[in-house]
Amino acid sequence: MSTDAVPDDDRSARLLLRTAARELAEIATTLRSASVHATAAATDGAVGGALPRAPAAGLRAQRAVLRAVTNRRGLGYAVAGGTAGALGAKLGGMVGAHSLAVRVMTTSLRLRIAAVTLQNPELAADPLLRRLSEAVAADREIESVRALCALVRDRGTARALSAIAPVFGEVLALRALLDQNPLNDRTAWLIASGSSVASADPITGLSNRAIAVLDVGEGAARRVAPRPDEAARLRSRGSLLDFLANLCAVGPTGRALVQSVMGPDGIERHVVQVPGMRIGDPDHESPGDLLGAFSSTLLDSAPFSRALAKAIDDFGVPAGAEIAMVGHSAGGAAIMNLAQDAMFCARYTLTHVVAIGSPVDFKRPASPHTWVASITNQHDLVPSLDGQGAGNCFDLHPDWYVVDYTDPTHLFPACHSLEHYTANLAEDLPEAREHIERELRPYQGPVTRSQLYQLYDREAPARRTIETRRVTTAGGPVELPIRCYEGLALTAYFTVDAQAAARLLGDRGRAVRMGGRALAAIHAFDNRRSSLGEHREVHLGIVVDDPGGRQPLRTWRELLARADRRALGTHFVASAFTDDLVCAAASEVWGHAAFVGDLRVECDAGRLHVEVGAPRDPAMALSGPLGPGLPITARDLVVYSHRGGIPLRSHIEERGGRRAHPSPGARLTVGTADHPVARHLRDLGLDGARPMLCLVSPARRSRRDAGVPWPAR
Amino acid sequence: MPVRPDAITAHAQTLGADAEALTECATRLRALAARLRTHKATPPWLYDTVNAHITACVVASADLAEASARLRAYAALTAEGPDDGPV
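Sequences listed follow chains A and B, in order.
The UniProt record's numbering applies: residue 1 is where the first sequence begins, and numbers increase by one.
The UniProt record's numbering applies: residue 1 is where the second sequence begins, and numbers increase by one.
One or more hints might be untrue.
[Claimed, not checked] Beta-carbon label-pair distances, calculated as ranges:
| id | chain 1 | residue 1 | chain 2 | residue 2 | range |
| --- | --- | --- | --- | --- | --- |
| 1 | A | Arg655 | B | Trp45 | 52 to 60 Å |
| 2 | A | Gly48 | B | Pro44 | 41 to 49 Å |
| 3 | B | Trp45 | A | Arg607 | 52 to 60 Å |
| 4 | B | Trp45 | A | Pro408 | 24 to 32 Å |
| 5 | B | Pro44 | A | Asp395 | 26 to 34 Å |
| 6 | A | Ala660 | B | Pro44 | 48 to 56 Å |
[Unchecked claim] The calculated lysine to any residue pairs, modelled on SDA-like cross-linking and capped at a C-alpha distance of 25 Å, are:
| id | chain 1 | residue 1 | chain 2 | residue 2 |
| --- | --- | --- | --- | --- |
| 7 | B | Lys40 | A | Arg130 |
| 8 | A | Lys310 | A | Ala346 |
| 9 | B | Lys40 | A | Thr19 |
| 10 | B | Lys40 | B | Ala26 |
| 11 | B | Lys40 | A | Ala125 |
| 12 | B | Lys40 | A | Arg14 |
| 13 | B | Lys40 | A | Ala135 |
| 14 | A | Lys310 | A | Gly251 |
| 15 | B | Lys40 | A | Arg103 |
| 16 | A | Lys310 | A | Arg347 |
| 17 | A | Lys310 | A | Thr253 |
| 18 | B | Lys40 | A | Glu26 |
| 19 | B | Lys40 | A | Leu15 |
| 20 | B | Lys40 | A | Arg131 |
| 21 | A | Lys310 | A | Ser367 |
| 22 | B | Lys40 | A | Arg22 |
| 23 | B | Lys40 | A | Ser12 |
| 24 | B | Lys40 | A | Glu122 |
| 25 | B | Lys40 | A | Pro121 |
| 26 | A | Lys310 | A | Arg449 |
| 27 | B | Lys40 | A | Asp126 |
| 28 | B | Lys40 | A | Glu134 |
| 29 | B | Lys40 | A | Asn120 |
| 30 | B | Lys40 | B | Asn51 |
| 31 | B | Lys40 | A | Arg11 |
| 32 | A | Lys310 | A | Ser450 |
| 33 | A | Lys310 | A | Ala342 |
| 34 | A | Lys310 | A | Ser260 |
| 35 | A | Lys310 | A | Glu459 |
| 36 | A | Lys310 | A | Ser236 |
| 37 | A | Lys310 | A | Asp341 |
| 38 | B | Lys40 | A | Phe394 |
| 39 | A | Lys310 | A | Thr448 |
| 40 | B | Lys40 | A | Gln119 |
These aren't lab readings, by the way, just hints derived from the structure by calculation.
Every residue, glycine too, gets a C-beta built ideally from N, C-alpha and C.
My request is simple: use the sequences and hints to build the entire structure.
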């Protein structure tokens, strides 16, 4: 399955074709250089300016030069370079006039595709893929778009991308060289000649750098504690597979792990482990968001790498100490940016960099003594985002240890996941794993210290002053608003019988109806760090519209409104807490029907578990897989309640990424105990029900102030 | 505009060097075609394509050599004085 496992004949054939492709690219570069020189001669004012001195000879010379840059049997339409050349090239591109340089480069790209096809025979065997590559190579633009549409229609986007992944860069470059869009020609040339990172989108020609420079910030890192389940998964020894297991445990959450390990020689060294792009908002405060992934790939320094440098500094790695770095996806690009930072390499001794599934082809470590390994699956699109993929014919890094392999699981993005790479390295690539383990031997030993960091684009601004006040409750004084600095939030929505919901609400609100059914919600919060200490809470509520007596609302439009203008909210009918003080506050400040008891609120590996009551006989348990999800924006929650007969309205301000899971596989089980939560759930007929929607915020921050009487008086 | 024969000569020299480079490209392409001809992995479309490239390189080299020679002559004349010869 790996490149090492193919027959010698195939390998020598691939080498032959790649060598030929590289030679053709070099020839194309020479041809382009000649075109630029001839264009310069044709447009230089010195040539035209001397015409009065020798008009006949001057015109003969100009005619000869013009012929050289326009002869279809020679250099072709070869206007290139300089302002006039760039303009002429764009005009030529718009009418599809190609130069000999472009034709030779096209041949180079087609040979690269042929070389990749030898290793991935399905590219030739698949009629849809063959149709696409033939149409692209033959410069049949409409046919190539049709072929791509047919591929997507037949396989779906994910499978189509997976199928085309090994030749993705070549197909894009071919199309860009031959299409009538002059804006993408430069990027196509960069990809085809292997001279630099693709600086623009090869389809539209829009500059990637223009997007990347939007990612600004000096970078910041703050110490955070791993969740208990994460802490349990972090390894206590150092090795490649242990570091990969750590990365899997941390996940793409915008965090990085720094560890110290005691090497076999008794010397303490340090390992920086950086997961890939943070899932969710593309322009989050995390430097590992989509924008950060762009900038880390295209720029030499970005907030991601600067935040990592601050984490290493905060960890207290002594000057001159030996460091190894392991990164996945955008994390790999970020650690390579650190590796090419001469100041960083002067401060520390960066001995090893292992980039997994990362676009790092055009990055160079500042120190020649830094050992670099790049591991890429040929069906993973992400490593080819810098323009060079499986078809690369240039020996960009003769001194790197490069593992570029294929495996039978072609589906992207599954083949990009760190878990997939880890499984490949653990089970399918023993030689590569052994080689890297041997190199990392100085880092094999017990972990002596471990610290997780949350990374940010910027240092936190001076804290916004929050006006706080104390209220006295039966449980003691409570500071309002109650703030949660770090926590987990799970919400599950169920459809319930409208009459049952109305009975439960009484005159305290009007349940929103959806298809004749009402909506019940379970809100579960694990407040790991809050102004009231660590505590958990679970609320059962009914989704209600304006309890003030106005007409029923247009619910879907209401969902878009800001919380302070939204009438749609949830009336909490029962609330359970793990802490007496919080319970007292809930009862006395908001008037919730509050209870203290055992609670579990957990979410791990795509499964949620919420439990109320004693573990042996819980009043309720909501447990099971979340199913596929998609990132959404966090929305504040409007809460209605009654205190002493007065209706109150409050809202919980929510921050942090959130995912919606529209088809969860979790199921609610209601216990037999005479617990208010169990009683209400039974009344609503929810025993054994599956939620229609789950929302998960794994890194939630929130704030909740006292309620105000509603309707406003 | 001042007359600068040296600038024209510089263009002539560059294009002359490019003409030689393209002759070398044609030679490389011939060697490449010969190398690939015997290998079964070579795609069948490659021979005709490379042959077309060789021909184009030879023509382009001749074009550049011609342009270089014309520029050289032009530079020499501009250094001397007006020229009334046929265009």
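How the hints compare with the structure:
With their beta carbons about 58 Å apart, arginine 655/A and tryptophan 45/B fall inside the hinted range of 52 to 60 Å. Look at glycine 48/A against proline 44/B: about 48 Å separates their beta carbons, and that is inside 41 to 49 Å. Between tryptophan 45/B and arginine 607/A the Cβ separation comes to about 53 Å, which falls inside the hinted range of 52 to 60 Å. Against the hinted window of 24 to 32 Å, the Cβ-Cβ separation of tryptophan 45/B and proline 408/A comes to about 30 Å, which satisfies the hint.
Distance hint check: the CB atoms of proline 44/B and aspartate 395/A are about 28 Å apart, consistent with the given range 26 to 34 Å. Our hint of 48 to 56 Å for alanine 660/A and proline 44/B holds, since their Cβ atoms are close to 52 Å apart. Distance check on the hinted pair: lysine 40/B and arginine 130/A sit about 20 Å apart at the alpha-carbon level, within 25 Å; holds. The hinted pair formed by lysine 310/A and alanine 346/A meets the criterion: a straight-line CA distance of about 15 Å does not exceed 25 Å.
Annotation: proposed proximity of lysine 40/B to threonine 19/A holds, straight-line Cα distance about 16 Å (limit 25 Å). Of the pairs offered as hints, the one joining lysine 40/B and alanine 26/B holds, with about 23 Å between alpha carbons and a cut-off of 25 Å not exceeded. Only pairs whose Cα atoms come within 25 Å are accepted, and lysine 40/B paired with alanine 125/A is accepted, the gap being roughly 18 Å. With a CA separation close to 11 Å, the supplied pair lysine 40/B and arginine 14/A stays within the 25 Å bound.
Restraint check for lysine 40/B and alanine 135/A: the C-alpha separation of about 24 Å stays at or below 25 Å, so the hint holds. For the hint linking lysine 310/A to glycine 251/A, the alpha-carbon distance of about 20 Å falls within 25 Å, and the restraint holds. Restraint check: the Cα-Cα separation between lysine 40/B and arginine 103/A comes to about 24 Å, which is no more than 25 Å; the hinted pair holds. A hinted pair counts as satisfied when its Cα atoms are at most 25 Å apart, and lysine 310/A with arginine 347/A qualifies at roughly 13 Å.
Annotation: proposed proximity of lysine 310/A to threonine 253/A holds, straight-line Cα distance about 18 Å (limit 25 Å). A C-alpha spacing of about 24 Å is found between lysine 40/B and glutamate 26/A, which places the hinted pair at or below 25 Å, so the restraint holds. For the given pair, lysine 40/B sits about 13 Å from leucine 15/A by alpha-carbon distance, which is consistent with the 25 Å threshold. Of the supplied pair hints, the one linking lysine 40/B and arginine 131/A holds, its CA atoms being roughly 23 Å apart against a limit of 25 Å.
Straight-line distance between C-alpha atoms of lysine 310/A and serine 367/A comes to about 20 Å, which keeps the hinted pair within the 25 Å bound. Taking the CA atoms of lysine 40/B and arginine 22/A, the gap is near 19 Å; set against the 25 Å cutoff, the hint holds. Between lysine 40/B and serine 12/A the CA atoms are separated by roughly 11 Å; this keeps the pair inside 25 Å, and the hint holds. Pair hint lysine 40/B plus glutamate 122/A holds up; C-alpha atoms about 19 Å apart against a cutoff of 25 Å.
Only pairs whose Cα atoms come within 25 Å are accepted, and lysine 40/B paired with proline 121/A is accepted, the gap being roughly 15 Å. In summary, the hint linking lysine 310/A to arginine 449/A is supported, as the alpha carbons are separated by about 17 Å, within the 25 Å threshold. Of the pairs offered as hints, the one joining lysine 40/B and aspartate 126/A holds, with about 21 Å between alpha carbons and a cut-off of 25 Å not exceeded. Under the criterion of a C-alpha separation no larger than 25 Å, the hint pairing lysine 40/B with glutamate 134/A is consistent with the structure, at around 20 Å.
Straight-line distance between C-alpha atoms of lysine 40/B and asparagine 120/A comes to about 17 Å, which keeps the hinted pair within the 25 Å bound. With a C-alpha separation of about 18 Å, the suggested pair lysine 40/B and asparagine 51/B falls inside the 25 Å cut-off, and the hint holds. Taking the CA atoms of lysine 40/B and arginine 11/A, the gap is near 13 Å; set against the 25 Å cutoff, the hint holds. Taking the CA atoms of lysine 310/A and serine 450/A, the gap is about 16 Å. The hint holds against a cut of 25 Å.
This hinted pair checks out: lysine 310/A and alanine 342/A have alpha carbons roughly 16 Å apart, not beyond 25 Å. Our distance criterion of 25 Å between C-alpha atoms is met by lysine 310/A and serine 260/A, whose separation comes to about 16 Å. As the CA atoms of lysine 310/A and glutamate 459/A are separated by approximately 10 Å, the hinted pair is consistent with the 25 Å bound. For the given pair, lysine 310/A sits about 24 Å from serine 236/A by alpha-carbon distance, which is consistent with the 25 Å threshold.
At most 25 Å may separate the alpha-carbon atoms for a hinted pair to count; lysine 310/A and aspartate 341/A meet this at roughly 14 Å. The hinted pair formed by lysine 40/B and phenylalanine 394/A meets the criterion: a straight-line CA distance of about 23 Å does not exceed 25 Å. A distance of roughly 20 Å separates the Cα atoms of lysine 310/A and threonine 448/A; the hinted pair therefore holds under the 25 Å criterion. Only pairs whose Cα atoms come within 25 Å are accepted, and lysine 40/B paired with glutamine 119/A is accepted, the gap being roughly 15 Å.
In this structure, every one of the numbered hints holds.
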